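Sequences are here, hints too, so could you generate the full structure?
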Amino acid sequence: METIIRTHFLFDGIHPVQKGHIVIKDDKIIAKFFNWEYGEISDKRRLLEYDDYFVMPGLFDNHVFFSGYLRMNAGLDLSGCVNKIAALRKIEAASAQKHGDPIYFHGFDLTRWSEKPTQQDLDRLNYDGPISGIDKNRSYCWLNKAAKVRYGFSETDTSAEAAEKLITELLTNKEELTTVYQKYEKALLSRGVVATKEIVFDNAEYFSWRPEGKIQTRFYIQAVAEPLNIAKLVQYQRTQFLKNVTFGGAKIMVDGVVAEETGATYGDYTSGKIQPQIDYDAIFNVVKTCNSQNIPCCLTTEGDQAAAKAAEILAANGKRLPKGVYNSMSDLEMITNQTAQKMADNKIAAEIYPQVLGLNSRYEESYMETILPQEYANRFFNYRALKDAGVLLTSGTDLPLFLTSLPESIVRSVWRKFPRGERSWQQKRGLDWLNILQSFTQNAFAANGMFDAGTLCTGQKAHLAIFDTDLTTKDITRLMQAQIVATYIDGQVVYQS
0 METIIRTHFL FDGIHPVQKG HIVIKDDKII AKFFNWEYGE ISDKRRLLEY DDYFVMPGLF
60 DNHVFFSGYL RMNAGLDLSG CVNKIAALRK IEAASAQKHG DPIYFHGFDL TRWSEKPTQQ
120 DLDRLNYDGP ISGIDKNRSY CWLNKAAKVR YGFSETDTSA EAAEKLITEL LTNKEELTTV
180 YQKYEKALLS RGVVATKEIV FDNAEYFSWR PEGKIQTRFY IQAVAEPLNI AKLVQYQRTQ
240 FLKNVTFGGA KIMVDGVVAE ETGATYGDYT SGKIQPQIDY DAIFNVVKTC NSQNIPCCLT
300 TEGDQAAAKA AEILAANGKR LPKGVYNSMS DLEMITNQTA QKMADNKIAA EIYPQVLGLN
360 SRYEESYMET ILPQEYANRF FNYRALKDAG VLLTSGTDLP LFLTSLPESI VRSVWRKFPR
420 GERSWQQKRG LDWLNILQSF TQNAFAANGM FDAGTLCTGQ KAHLAIFDTD LTTKDITRLM
480 QAQIVATYID GQVVYQS
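Residue numbers for the sequence shown follow numbering that gives the first Met the number 0, so the first one is 0 and each next one is one higher.
Please keep in mind that the hints were generated in silico from the structure rather than gathered at the bench. Errors might be hidden in some of the hints.
Said to hold, decoys possible - Beta-carbon label-pair distances, calculated as ranges:
{"no.": "1", "residue 1": "P210", "residue 2": "R419", "range": "47 to 57 Å"}
{"no.": "2", "residue 1": "N243", "residue 2": "K173", "range": "43 to 53 Å"}
{"no.": "3", "residue 1": "R419", "residue 2": "R45", "range": "39 to 49 Å"}
Said to hold, decoys possible - Simulated crosslink set (PhoX-like; lysine-lysine; CA at most 25 Å straight-line):
{"no.": "4", "residue 1": "K386", "residue 2": "K318"}
{"no.": "5", "residue 1": "K27", "residue 2": "K97"}
{"no.": "6", "residue 1": "K164", "residue 2": "K213"}
{"no.": "7", "residue 1": "K144", "residue 2": "K115"}
{"no.": "8", "residue 1": "K173", "residue 2": "K135"}
{"no.": "9", "residue 1": "K164", "residue 2": "K144"}
{"no.": "10", "residue 1": "K242", "residue 2": "K287"}
{"no.": "11", "residue 1": "K18", "residue 2": "K473"}
{"no.": "12", "residue 1": "K135", "residue 2": "K185"}
{"no.": "13", "residue 1": "K173", "residue 2": "K185"}
{"no.": "14", "residue 1": "K231", "residue 2": "K135"}
{"no.": "15", "residue 1": "K242", "residue 2": "K231"}
{"no.": "16", "residue 1": "K89", "residue 2": "K147"}
As the structure is a prediction and not an experimental result, all values here were calculated from the model. In this text, a Cβ means the ideal position worked out from N, Cα and C, and glycines have one as well.
The following block contains the structure:
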């Protein structure tokens with residue numbers, strides 16, 4: 000059976016949107032034309048009329064943390080609790096069934112509660128085991144004393160790295176893992192995502208018991224609890240994992256967060272805070288060792304100085320990689336033209352988080368023009384520098400920081416709009432809609448050495464994302480309301496609204 004999909008809005012991953020059609024047989028695209036001349040329909044050729052829908056390749060989210068999503072969705076859901084008293088009742092009821100086993104919870108919203116919960120509130124339940132949870136905004140951890148002792152972090156340690164012991168424990172809880180993974184995959188499929196680059200802490204053992212999924216996963220190892228084990232990475236190159244799971248490379252953190260004044264920047268922070276000390280020689284040596292073993296590295300940078308240093312390190316070592324394998328840099332909150340050119344000249348892929356501008360509620364409340372001297376403001380989210388230099392540009396979400404939303408990515412990176420207010424952020428340094436669409440499709444697959452998907456050209460895998468709205472519309476309100484109608488993997492519908 001051949002399936003013909005026609006539409007007025009066909010994006011094939013390469014060309015501007017046009018009226019057209021594709022033909023699918025089994026798991027492949029066997030034809031694509033920018034017309035509706037698809038021939039006769041018969042019992043062996045069916046027609047799907049997605050005429051007013053936006054048809055494009057399935058999305059590749061190029062930076063996710065399933066482990067972070069697991070932490071944010073494990074255990075009791077307290078989203079319906081209007082205050083800490085209601086939450087404590089629910090936790091106490093669960094404790095009667097747990098018999099000293101760890102209790103996890105999530106979803107509570109401190110912005111709705113009149114009183115912040117404390118360790119003492121949980122300690123008064125007199126439960127022998129650890130009780131731990133994180134609020135929906137990732138701003139506060141609520142723990143009893145036993146949890147603090149067991150996991151080694153406190154209320155304000157909200158990063159995934161700080162909760163490494165807790166996350167490791169969750170990853171070995173097969174029941175919790177299965178429940179949350181199914182929720183995670185459904186959420187991504189409902190956003191049109193068919194593949195991810197997943198960051199994994201220290202080792203990939205949990206893939207041995209994680210449910211087999213539909214989404215294609217390329218994973219990178221980030222050292223957190225122990226130094227990066229190169230021998231283990233070499234072993235992963237040869238290991239047969241679950242269907243759709245393959246090893247990608249190593250992820251290395253370079254600096255911190257500019258908004259928290261821990262990013263490495265050329266300008267001095269206006270508060271007077273001292274720049275972080277970074278051992279670039281140690282990072283160089285790790286990259287050199289990895290690249291010599293054909294293992295690509297992804298360096299995460301925020302500040303412009305860290306980005307420049309990272310680009311130099313990857314440029315010096317990247318020639319050791321085989322053809323078609325890319326080192327990369329992620330986050331890239333501050334970008335100079337010189338760094339962008341260094342990346343382009345040395346085939347270093349970029350991974351931006353296009354939804355990140357949404358962390359600032361409006362222009363007037365953003366930090367980019369105040370945290371450093373004014374002359375450095377133009378370097379924030381300077382995606383146009385990457386595009387103009389010809390860098391292979393990909394997009395991710397740092398999930399669970401954001402759940403993948405292509406419409407929001409367009410609003411933040413093309414139109415440069417904040418969630419509220421009229422003023423935008425330096426639109427001339429943003430992208431156009433073709434750049435951002437390619438960053439989630441053709442570019443993302445290519446950057447991960449996967450050349451059988453990412454476009455709707457003949458011979459490619461039939462991975463599709465179909466939206467109910469033309470994503471090139473200039474109507475911002477309409478764009479933000481766009482939803483996925485259907486997601487296809489290998490020619491089969493895996494999500495339908």
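Comparing the hints with the structure gives:
1. P210 to R419: 47 to 57 Å: Violated: the Cβ-Cβ distance is about 39 Å, outside 47 to 57 Å.
2. N243 to K173: 43 to 53 Å: violated, 19 Å
3. R419 to R45: 39 to 49 Å: 45 Å Cβ-Cβ, so the 39 to 49 Å window holds.
4. K386 to K318: holds, 22 Å
5. K27 to K97: violated, 49 Å
6. K164 to K213: This hinted pair is violated, its Cα atoms lying about 28 Å apart.
7. K144 to K115: holds, 17 Å
8. K173 to K135: holds, 23 Å
9. K164 to K144: holds, 15 Å
10. K242 to K287: Violated, because 30 Å separates the two Cα atoms, which is more than 25 Å.
11. K18 to K473: holds, 18 Å
12. K135 to K185: Distance of about 19 Å is within 25 Å: holds.
13. K173 to K185: holds, 18 Å
14. K231 to K135: Violated - the C-alpha atoms of K135 and K231 are around 35 Å apart, more than 25 Å.
15. K242 to K231: holds, 20 Å
16. K89 to K147: Holds, because 21 Å separates the two Cα atoms, which is no more than 25 Å.
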